[in-house]
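Chemist: Fit chain G to the supplied structure of chain E, relying on the hints for placement.
Protein chains: 2
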Amino acid sequence: MSNIVKHAQSVSLSQREHKNGHKAGVLWFTGLSGSGKSTLAMALQKELFDRDLMVTVLDGDNVRYGLNSDLGFEESDRVENLRRVSEVAKLLAESGMIVITSFISPYAKERERVRNIIAPIPFLEVHINASLEMVESRDPKGLYAKARQGEISNFTGLDAPYEIPTHADFTLDTEINSVDECVQKLMTELTKRTFI
Amino acid sequence: MSNIVKHAQSVSLSQREHKNGHKAGVLWFTGLSGSGKSTLAMALQKELFDRDLMVTVLDGDNVRYGLNSDLGFEESDRVENLRRVSEVAKLLAESGMIVITSFISPYAKERERVRNIIAPIPFLEVHINASLEMVESRDPKGLYAKARQGEISNFTGLDAPYEIPTHADFTLDTEINSVDECVQKLMTELTKRTFI
Numbered sequence: 064m065s066n067i068v069k070h071a072q073s074v075s076l077s078q079r080e081h082k083n084g085h086k087a088g089v090l091w092f093t094g095l096s097g098s099g100k101s102t103l104a105m106a107l108q109k110e111l112f113d114r115d116l117m118v119t120v121l122d123g124d125n126v127r128y129g130l131n132s133d134l135g136f137e138e139s140d141r142v143e144n145l146r147r148v149s150e151v152a153k154l155l156a157e158s159g160m161i162v163i164t165s166f167i168s169p170y171a172k173e174r175e176r177v178r179n180i181i182a183p184i185p186f187l188e189v190h191i192n193a194s195l196e197m198v199e200s201r202d203p204k205g206l207y208a209k210a211r212q213g214e215i216s217n218f219t220g221l222d223a224p225y226e227i228p229t230h231a232d233f234t235l236d237t238e239i240n241s242v243d244e245c246v247q248k249l250m251t252e253l254t255k256r257t258f259i
Numbered sequence: 064m065s066n067i068v069k070h071a072q073s074v075s076l077s078q079r080e081h082k083n084g085h086k087a088g089v090l091w092f093t094g095l096s097g098s099g100k101s102t103l104a105m106a107l108q109k110e111l112f113d114r115d116l117m118v119t120v121l122d123g124d125n126v127r128y129g130l131n132s133d134l135g136f137e138e139s140d141r142v143e144n145l146r147r148v149s150e151v152a153k154l155l156a157e158s159g160m161i162v163i164t165s166f167i168s169p170y171a172k173e174r175e176r177v178r179n180i181i182a183p184i185p186f187l188e189v190h191i192n193a194s195l196e197m198v199e200s201r202d203p204k205g206l207y208a209k210a211r212q213g214e215i216s217n218f219t220g221l222d223a224p225y226e227i228p229t230h231a232d233f234t235l236d237t238e239i240n241s242v243d244e245c246v247q248k249l250m251t252e253l254t255k256r257t258f259i
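Just so you know, the sequences run in chain order E and G.
The first sequence maps to residues 64 to 259 in the working numbering.
The second sequence maps to residues 64 to 259 in the working numbering.
Next up, chain E with everything else stripped away, as it sits in the complex:
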């Protein structure tokens, strides 16, 4: 890497934030499949956009079609998947955006790595919480049923662990609160943290 020279940016992040009228940062949604990560990400994006903020969503499933289409679901591929997504989230945030990501990200160690990659960009780990019983009864993609029938292995929550965040910056419980209520809680939190 000794032949690589970094070019100075002609527009700083603080100039972008000043023009956009809000801070840039990454809201990292983590939770079981079916917990509501993508639904909440899309609902929050709409709310922020309607208030004239620059916002975008990076979604696990969507990224798998493009950037990470070469990766499977083995341990090493999942690690690489999150590494790349973290770097892309950082690039998007460095462009002045609030980036909402939606990835199961089951391991505490990996979430910590993500936080370190994205630093010094502001980063909030948001745990989208719902019990296994609840997400399995929702099963919006029919994946839990497939996993129970042995058609999918290493499925988070069943035969692969989900390490519940012990230091999440914010937790939402989608068993208790509706989508609208969760979005309002997020808006309050973002205001409190002076993002918006």
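Keep in mind the hints are simulated off the structure, nothing from the lab.
Source: prediction; values computed, not measured.
Just to be clear, a hint being listed does not mean it is correct.
Copies of the same chain look alike in the list, so a pair counts if it works inside one copy or between any two.
[As the list claims (entries may be wrong)] Mimicking DMTMM-like on lysine to aspartate or glutamate, the simulated pairs with C-alpha atoms at most 20 Å apart in a straight line are:
1. K109 - E252
2. K255 - E110
3. K248 - D113
Modeler: Just chain G, lined up with the frame of chain E:
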């Protein structure tokens, strides 16, 4: 990939473009090392930002520190480097931005692949032209000297080919025009193509 479900976007690209007041797209700068790609990318970014447009730069050297830090300079790694960068440029443009990229991208076949990945997002291939004699005399990073001394192999323009674009959407000649003149030509072209 049969277990992957795409989530509908809650904000469309046309809604973003309407709010931003301009079209999103990718300006792909290609040219020899030292031709002025990054300098022009940074200068154009500043000009567009000052006119209140949403703009960002993806730079070959910068991306090598993050997203593509696992890649070297072998043929297969260069191909993968451009594939990932194309996907990221697309994600940035889908968020409503004008994305200026700065990559040597020496092979016509690879540039065509980039165009196909980024479609249907508007894409302009911009050839930043300067003769080998000129870029070697500039040698801003001292790389041509190193390559001539055998310290770097497979160096584009010396012992690796640069396939001059025959179908570039726009060409700038940095031997003839100053940075300011090139930026003005680009602004005229972007206006003509109704980007801005």
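Chemist: Compare the structure with each hint and give your call.
Modeler: Evaluation of the provided hints:
1. For the homomeric pair K109 and E252, the shortest alpha-carbon distance inside one copy (17 Å) is at most 20 Å, but the shortest distance between copies (33 Å) is not.
2. In this homomeric assembly, K255 and E110 come within 20 Å of each other (Cα to Cα) only inside a single copy, at 17 Å, whereas the closest approach across copies is 34 Å.
3. Taking CA atoms no more than 20 Å apart as the test, K248 paired with D113 passes inside one copy only; the shortest distance there is 17 Å, against 35 Å between copies.
When the structure is compared with the earlier hints, no violation turns up for any of them.
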